[in-house]
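Chemist: Letter by letter, the chains look like this.
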Amino acid sequence: MQGSSRLQVQLNNRQTPPQFADAVIIGGGIQGLSCAYNLASEQGLRRVVVVDAGYWQGGASGRNETLVRSGFGSREWSEFFTYSCREWRDLSRRLRHNVMYSERGYMIVASSEQTADSVDSAARLHRQTGLRGQYASREKVERLLPGLDQSKVRCAYFLEEAGVAPHHAAMHAYLSACQDVGVEMIWSTPVDAIDTANGRVTGVWVAGALIRSDLVLVAAGAGSPEISKSVAYDLGGSVVRLQATALEPTQPFVHCAVTLLDLQTVLHQTARGEIVGGCGPSTDDITLRSDFLPMAQSMASYVTMFPQMAHLRILRQWSGLVHVSEDYAPLIGRCPHIDELWISAGWIYGHTGGPGAGRLIAKAMVGKGVDPLILPFDPDRFRRGKAIVEPLFIVGGSTNKVAATT
Amino acid sequence: MAQIVRFFWNGKALRGVAGDTIGEALYRNGILALGRSRKRQQPLGMSGSTSFGVIARVDGRPSVRIDRLLVQPDMQIESQDAWPTRSFNLLRLARHVPKRLLRGGFEQTMLFPSGTARFRYWERFLSHISAGGARLPDRVLAPEQSPARVVPADILVIGGGPAGIAEANRLALAGRVVTLVTRGDRHARSASLMAREVAPLHENVTSHLSMDVFGIYRAGRIVAGAPCAGDDGVTFFKPSSIIIATGRFSIPPVVPGGALPGVLAAPVALQLACRSINLGRVVVCGTGSEAEIADRLQSLGASVVEHVPTATVERVTGGNRVRGIFSSGRLIRCETLVHGGPWRADPSLEFQAVATGTIQLRTDPDATPVHAVGAYCQGSERIHINEEHLEEAEVCACMDVTGGELLSLVRNGVEDVEVLKRLTSCGMGPCQGNPCWHSMAELVARFGVSGKPVAMPSYRPPRGAITVAQAAGLLEVASAVE
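Which chain is which? The protein sequence lines are A and B, in order.
Counting from 1 along the first sequence, just add 267 to a position and that's the residue number in our numbering.
Counting from 1 along the second sequence, just add 62 to a position and that's the residue number in our numbering.
Calculated from the structure, these hints are not laboratory results.
Where hints are given, some of them may not hold.
Label pairs and their computed distance ranges (CB to CB) [unchecked claim]:
| no. | chain 1 | residue 1 | chain 2 | residue 2 | range |
| --- | --- | --- | --- | --- | --- |
| 1 | A | R650 | B | P146 | 58 to 68 Å |
| 2 | B | A542 | A | Q381 | 28 to 38 Å |
| 3 | A | K407 | B | A179 | 17 to 27 Å |
| 4 | A | G475 | B | M256 | 51 to 61 Å |
| 5 | B | G122 | A | S379 | 51 to 61 Å |
| 6 | A | R651 | B | A542 | 42 to 52 Å |
| 7 | A | Q417 | B | D121 | 43 to 53 Å |
Some chain A residues well away from chain B (every beta-carbon gap over 10 Å; in silico) [said to hold, decoys possible]:
| no. | residue |
| --- | --- |
| 8 | Q310 |
| 9 | S379 |
| 10 | E427 |
| 11 | Y500 |
These numbers come from a predicted model, not from an experiment.
All C-beta atoms, glycine included, are put in the ideal place defined by N, C-alpha and C.
Extracted from the complex, chain A is given alone in its bound form (with noise of 0.2 Å):
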């Protein structure tokens, strides 16, 4: 439907900074509107600004692959991402306004015997997390997957609570959503520096003006380092470049989500009929442009498993940038040396947490206690030795090499 003229405003690049406000998001993102919108509506606060360096969508959120995953192979990830699978579910309620979650599960395909021992001890840890999932018959496979080459695998794990949110909808949402409890969204408008006076948080700098608050969130996706830098505060970690393709539609052949453990792909068909999937991360060149490398692997990941791709069209290829932590786990908690400020940052499947995380950060924002879902992912933990170890997460296209070898 067409959006009202009011939200229309909220798009355009002719907002001037306020001079105060109860809270200021740095980062229009998923992250940073989910938190926005909780603050706004369940919290209370009244006026909540979200500051954002570049236009809608323009982030790692309008450039993802959708997925939307609960089951990983480690505790702290998969209670956290299950929770916030649950948030998706019932968000077009909460939001009024459709974010399309589609819940149509995620398959996880392991095509040697190495990675299906590392299915089977993530399906024992699910079972004892009470997470929803199973493994799939070739019946179910063949079914969900009719293209699947199944002599190439080796065992397939299903995810029921999972699927797929297009970021164009869910990012549609939640700016709706944020317009209607009268979040001010400030677009193309960088962040200067973080104000702060006696280990308090004191406001922004934006375009040469302060806006004060005492409540500030850093959700800046690829751009938080950065900012964190103007406290003093190292987030850690590094800025990577991921990137992604969408083939020319067909009919729905990929009923699910689909992770190719072996490969280190994943791929989705999406309500438009096109195949969207994953290519690998990169370090090699920290900017937008694609190269041809990660879309010829990725590629040849899809005929490898599904050989009827072949004759499928490339549509589009782009690059999105993200903030990976040390151990590529989110960092979501409170700066450590700064009163009142709070940190969303080192997201890889920030379209998965979003909807969860922006919901606890803004209870623990106001005083309300940090959540013990989101107490492991503490952005201090690796200076007290927390480093969380997750086997079995595929970031577009690569496992999580540190923690496979450990």
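Given the coordinates of chain A, assemble chain B onto it according to the supplied hints.
Modeler: Using the frame of chain A, we list chain B on its own:
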């Protein structure tokens, strides 16, 4: 005497002439509506502008570009505009939905919110209708990988028109090693359609015909070309310098009915006329070259009834194909509208060579500028936008984005083309923004209030130029180009 080729269209036997592309052979039989737009299922045909009108299933292979493939005896060609079957086609229902209801993310309607049972049915239905009728083949008909190759090139000229040939010849005479790549099946194809004399290509220039240069990677160090038709692998060039001579193409009129089958870009119309295909009564519109195009079409045997400036065209009428146009308030009955202008260069390749950025891809001020010659450099002609008829005017024919939809956003201050693209899906179809982003940007420039210069959204290759198998074949040469 031309050799007759029998082929099948949706099971019905038809006759074409040897040397026809499939699109030409169908046109010869009066079959113009070949594809459908995504949302409203409006008929689209071979136009020289959008690619939805030129894809069909050929011998079991989906989404083949039928304007590039020659018709062969007993070829089975099927339209992809029906689902679930041709006799029971639910897609047609979408034609009766009012345009306003299909604006923006029509998928996101709160009539079917996710988390409800009705959403599941709606989504399933949506995935069938919005995908069109393309189905995967039952078995694998092509190699799983088409290996790429790397060919040496010192200077690479992209475009085989008069300017590309002249520049290639000049450099060859100066002793340089020159390679020329063109999409045409012969040199100076468009110029020869207009009966213009063009010097032959110097014998020292290596030339690649029927090759579509789709991508420039690694800041201009690698240029990738794919065969216009067929399964052969990609060709990688590693030139020391690139010369763009891709000329300009004509933007279809931004009016209601501007994407109807029978609205043809001048080169397509000339090619059809050259092959003695009946175009019916023809009106030519243009931005200065309309009289010349009309004369040439006439000399090729077409029946041109009138030529008018593009700015006077207000509306194209017809249900499944052109039946007439309104020009300056007057109805001119015709079966074909040929447009020769406004002319625009396709900046995609140049953009890929020089774009950089972390928040948005922009032309890098420090990048070595790409050298260009010929009509490509002549600048962008203004696209005439008739405000009175803008509401229902086609901007993006594939995704059914109208002028009215864009205008309502622009008037409310949404002037960022990237945001407009995301709100409307303008340019998200198989053409990937060419030509519709030109019209969208013109609309912003005309009606936006900020007065800021309007850039194009980021160009994202390969825009349908290669298949999964051809992309997989790039792995073979990855180490050779490091």
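Chemist: For every hint, state whether the structure bears it out.
Modeler: Here's how the hints hold up against the structure:
no.: 1; hint: R650(A) <-> P146(B): 58 to 68 Å; verdict: holds, 60 Å
no.: 2; hint: A542(B) <-> Q381(A): 28 to 38 Å; verdict: holds, 31 Å
no.: 3; hint: K407(A) <-> A179(B): 17 to 27 Å; verdict: holds, 21 Å
no.: 4; hint: G475(A) <-> M256(B): 51 to 61 Å; verdict: holds, 56 Å
no.: 5; hint: G122(B) <-> S379(A): 51 to 61 Å; verdict: violated, 34 Å
no.: 6; hint: R651(A) <-> A542(B): 42 to 52 Å; verdict: holds, 48 Å
no.: 7; hint: Q417(A) <-> D121(B): 43 to 53 Å; verdict: violated, 27 Å
no.: 8; hint: Q310; verdict: holds, 23 Å
no.: 9; hint: S379; verdict: holds, 20 Å
no.: 10; hint: E427; verdict: holds, 14 Å
no.: 11; hint: Y500; verdict: holds, 20 Å
Comparing the model with each earlier hint shows violations of hints 5 and 7; every other hint is respected.
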